Amino acid sequence: MRKHTTLLALLLALLLALTACGGSAAEDTSSTDGSAETSAASSADPGPETADASVSSQPEAEEEPALTAADVYNMDAGAILTAEQLDGLDTGELFFYEEISDQVFSRMDGVSFGADCTTAREDLRYVRVLHTGFDGETHIGELVVNVAIAEDIVEIFQSLYEAAYPIEKMLLIDEYSGDDELSMEDNNTSCFNFRAVSGTDHLSQHAYGLAIDVNPLYNPYITASGYEPYNAGDYVDRTLDFDYKIDETDLCYQLFTQHGFTWGGSWSSVKDYQHFQKAAE
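Counting from 1 along the sequence shown, just add 1 to a position and that's the residue number in the numbering used here.
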């Protein structure tokens, strides 16, 4: 009987031990699951402090530095300046003339300034101005002119710009390989080009940088035998009203004649409505 009692006690002790191990394992599992849920929740929701730290660590966008007159000087002619770029600039500094630099001359050499050119480089000046394009935007314009009219040209085009007078393009004629017809067809305003008067062997005043053609497509050169440029047919009849027409009521005419220029539109034998020239003093 004693032997059975001892065996029963051992079995009871073993059962209690197994029960105790099972409870501990359950508690451990519960603890592990809880930690995982807490970790996942913490990762998904960083909380206000963590979110604020993330936002504040983003770098602020830097404002672009304001444009300077030197910046504009280094821009190509024909470029457009926005209202924001012009804000704060003294536009008067953007109207000037200077001697022909090597960089500018490299564009002219062999083109508008051919090997037979008798006008000295020293007698010419490079002009930079602003002008209002047909698109209403501010464009950078350039001309090469005779030193004798350089100051006049700068003053005239500054007044035209301040009045928002429309000029479509103003690039050196070298951009058109020195071809006056191509320049006129594209309505390009230009000055110096060592060439003869169309249809003659006489040097044009353009060959000295003493004449300028303004919006030539809309203000053609007309002779008894025809007109130039070839695509200006709609603007030959000067009794018609149309945009960009130069006549005696036009601001361009008024400013040039006030500065001592003569207008090709007043000539009797031919009419050159785009053309203004001034004799060198």
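None of these hints come from the bench; they were simulated from the model.
Any given hint might turn out to be false.
[Unchecked claim] Derived lysine-lysine pairs resembling DSSO-like cross-links, with alpha carbons at most 27 Å apart:
#1 Lys279 to Lys246
#2 Lys279 to Lys170
#3 Lys246 to Lys170
#4 Lys272 to Lys170
#5 Lys272 to Lys246
Just so you know, these numbers come straight off a predicted model, no measurement behind them.
Taking only the CA atoms, is the gap from Lys272 to Lys170 under or equal to 27 Å? Given pair Lys272, Lys170 holds - Cα atoms ~22 Å apart, limit 27 Å.
Given the proposed pairing of Lys246 with Lys170, does the C-alpha separation stay at or below 27 Å? 15 Å, holds
Is Lys279 within 27 Å of Lys246, Cα to Cα? 21 Å, holds
Pairwise hint evaluation, Lys246 against Lys272, where the allowed Cα distance is 27 Å at most: 14 Å, holds
For the pair supplied as a hint, Lys279 and Lys170, is the alpha-carbon distance within the 27 Å limit? Given pair Lys279, Lys170 holds - Cα atoms ~22 Å apart, limit 27 Å.
The earlier numbered hints are all upheld by this structure, with none contradicted.
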